[in-house]
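Participant: Each chain is listed here by its residues.
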Amino acid sequence: ADIISTVEFNYTGDLLATGDKGGRVVIFQREQETKSRPLSRGEYNVYSTFQSHEPEFDYLKSLEIEEKINKIRWLPQQNAAHFLLSTNDKTIKLWKISERDKRAEGYNLKDEDGRLREPCRVTELRVPTLKPMDLMVEASPRRTFANAHTYHINSISVNSDYATYLSADDLRINLWHLEVTNRSFNIVDIKPANMEELTEVITAAEFHPHHCNVFVYSSSKGTIRLCDMRSSALCDQHSKFFEEPEDPSSRSFFSEIISSISDVKFSHSGRYMMTRDYLSVKVWDLNMENKPVETYQVHEYLRSKLCSLYENDCIFDKFECCWNGSDSTIMTGSYNNFFRTFERSTLRDTTLEASRESSKPRAILKPRKVCTTGKRKKDEITVDSLDFNKKILHTAWHPAENIIAVAATNNLYLFQEKVN
Amino acid sequence: MFVRGLKRKCFDGEEDIEGTLAGIKAIPSYNLQRQSLLDMSLVKLQLCHMLVEPNLCRSVLIANTVRQIQEEMTQDGTWQMINTQSTGQASLDRLVSTDILCRSSRDQAEGKHGPAYGTFSKDFESDQAQDSSETMSTASAVQTPRNLQSNVWEMESPQENKGNFQKSLDQIFETLENKSPNTVEDLFSEVDNSYYDLDTMLTGMMSNTKMGHCDSLETFSSPTNTAPNSNCKSDLNDLDHIVEILVES
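Residue numbers (UniProt numbering), protein chains in the order written: chain L, 1 to 420; chain Y, 1 to 249.
None of these hints come from the bench; they were simulated from the model.
Each hint should be verified, as a subset may be incorrect.
Stated by the list, open to error - FRET-style restraints, in silico, Cβ to Cβ: (1) 194(L) x 74(Y): 18 to 24 angstroms; (2) 409(L) x 75(Y): 51 to 57 angstroms; (3) 74(Y) x 410(L): 35 to 41 angstroms; (4) 72(Y) x 295(L): 53 to 59 angstroms; (5) 288(L) x 75(Y): 32 to 38 angstroms; (6) 72(Y) x 271(L): 38 to 44 angstroms; (7) 376(L) x 75(Y): 50 to 56 angstroms; (8) 75(Y) x 402(L): 40 to 46 angstroms; (9) 72(Y) x 241(L): 25 to 31 angstroms; (10) 60(L) x 72(Y): 35 to 41 angstroms; (11) 72(Y) x 194(L): 40 to 46 angstroms; (12) 74(Y) x 360(L): 55 to 61 angstroms; (13) 195(L) x 75(Y): 23 to 29 angstroms.
No residue lacks a Cβ here, since even glycine has one placed at the ideal position from N, Cα and C.
Kindly generate the complete structure, drawing on both the sequences and the hints.
Facilitator: So this is what it looks like as structure tokens:
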């Protein structure tokens, strides 16, 4: 199994897609509750597996293009088939996943195994009939959106008009129409005329869930810009600029690096957005640009270890974050296979672990605690014994229920709220 | 914290005698930490170059960190050419800084720019040794800035250090932008193949996700720490040893 690089529920939550470093996409489907297997409700089983991207070689630059899937985004379902967008560093693909449970039998010109029948053997005309067969799930690439990005794609986001989507790389954001592959419109370009002056890159971008003309993008300097596509074709001028002033007392050489935003997500309501930087998660009200309305510390105990984390490159890890369906709780990952949830109204936070040892099927997860003071209590873990190889970068929350998907390196964990 | 407490001590040290004594201990530590961070950042940038396709975000963040350190060093006066013979009334911290810089110049003289890692790690080691003995000399040449750059790019003359530093950073971005075999060739024309072995070695060392030797740097930030150097020094001794082997092979 390969390292999971993205996790995403579809709009109903019945399907869960994961992309991995090897370019594969695995889709899980939720089992329907049946009388014969009452406990199977909520279980996700493999529905489809396909190779989305292959490694490529850019001959012009003599560079290999990784096949790692950076993001998957589902399209809302409009017919029996499911559609999703998956992207690696350079190319976005639209995949159609469809079920086939019938096959045609009784062809005139072909045998059952597909071989052509000899013309002299064809003595009568018959109409093929549809016969049931074992369910087969097919994935086929319907569109390939290529050659529009010089830099590495970090985000894709489907617009609420369900007809367009954006793709963002380090310096540019492009707008596509789902039906058109040979053309895309550049809507943001922060590449300086002189690359020597480059000091800031785009780290994430997302469309507003309801307003199809609004999108945001975050930067490596900890800022978020909200743009309105109605104002101009090229949205280099932002409509809103979100930045929290730096606390001068905590300034260090690492301040900028830890302020770099790794993920930005609108709330389902569209009123708020959430950003993840290295040590914290911030909730912003779109109407207030000068500071976030809520800040949650994910692993503040790492602040004194920034030098070591810089040395081993962990400081550059890009954690994602997500909202639950009602926007009441937010979730993000940490190290040692820990992930954290924060209840916004009660300010209650929980640390849980996604590992084989601590997750027996159907057993309730025990909250974990990291010891920050000198005295370690029983069951607490000291900061120095945290495993920085085990990082939870990707998590997803079911759009309606309390089911969460947590990717721990090459394992996928699914947890759900215990229903009595 | 890494920076704040020490820096305050640095300036406070000039005002009162006890503070000054504390300042002597604190100042080399802060400069050394900063130096080490700068060296580490340059190594990271260089490793970026060697990767198949460098991560632009990471490169930009590291380059910004390097610029920040450079700016601070410029403000501190550490970056400038200092002629201490003409300044009899030089403040204590300036003397100490010069001393560190002078030590690096001696190392600079004996090593070539090829084994770059060897150069700066040796500096660190010799800095450490000097720190523990706490002697002060008044040599004049300032070679550290030059030293840093020569790790990555061609040899520059001392007077142009700041400008070349900027130029070197720019070179990185240009190379990232149009990564063609020629550009890469130019950049690496002076580097021998042992670099690539070093690369794997250092990447392996650096990606060791347990707390590395940098941990001991973190202990510097607590002023009560009496023996911060030992862990750091032994790890860097290892690094230096490895570099020596590679260079000789």
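Participant: How does the Cβ-Cβ distance of residue 74(Y) and residue 410(L) compare with 35 to 41 angstroms: does it lie in that range?
Facilitator: Since the Cβ atoms of residue 74(Y) and residue 410(L) sit about 46 angstroms apart, the hinted range of 35 to 41 angstroms is violated.
Participant: So the hint says 35 to 41 angstroms: do the beta-carbon atoms of residue 60(L) and residue 72(Y) match that?
Facilitator: Given a distance of about 40 angstroms, which is inside 35 to 41 angstroms, the answer is holds.
Participant: At the C-beta level, are residue 72(Y) and residue 241(L) separated by a distance inside 25 to 31 angstroms?
Facilitator: holds (27 angstroms)
Participant: For the pair residue 194(L) and residue 74(Y), does the Cβ-Cβ distance stay inside 18 to 24 angstroms?
Facilitator: Distance hint for residue 194(L), residue 74(Y) holds at roughly 22 angstroms.
Participant: Holds or violated: 32 to 38 angstroms for the Cβ distance of residue 288(L) and residue 75(Y)?
Facilitator: holds (35 angstroms)
Participant: Can you let me know if the beta-carbon spacing of residue 72(Y) and residue 271(L) is within 38 to 44 angstroms?
Facilitator: holds (41 angstroms)
Participant: Just to be sure I understand the hint, the distance between the Cβ atoms of residue 195(L) and residue 75(Y) should be within 23 to 29 angstroms; is that true here?
Facilitator: Cβ of residue 195(L) to Cβ of residue 75(Y): about 27 angstroms, so the range 23 to 29 angstroms holds.
Participant: 50 to 56 angstroms was suggested as the range; check whether the CB atoms of residue 376(L) and residue 75(Y) agree with it.
Facilitator: violated (42 angstroms)
Participant: Can the suggested window of 40 to 46 angstroms be confirmed for the beta-carbon pair residue 75(Y) and residue 402(L)?
Facilitator: With a Cβ separation near 53 angstroms, residue 75(Y) and residue 402(L) fall outside 40 to 46 angstroms, so the hint is violated.
Participant: Just to be sure I understand the hint, the distance between the Cβ atoms of residue 72(Y) and residue 295(L) should be within 53 to 59 angstroms; is that true here?
Facilitator: violated (28 angstroms)
Participant: Assuming the hint says 51 to 57 angstroms, is it satisfied by the Cβ distance from residue 409(L) to residue 75(Y) or not?
Facilitator: violated (43 angstroms)
Participant: Please test the hint of 55 to 61 angstroms on the beta carbon pair from residue 74(Y) and residue 360(L).
Facilitator: holds (58 angstroms)
Figure legend: structure checked against the earlier numbered hints; hints not met, in rising order: 2, 3, 4, 7, 8, 11.
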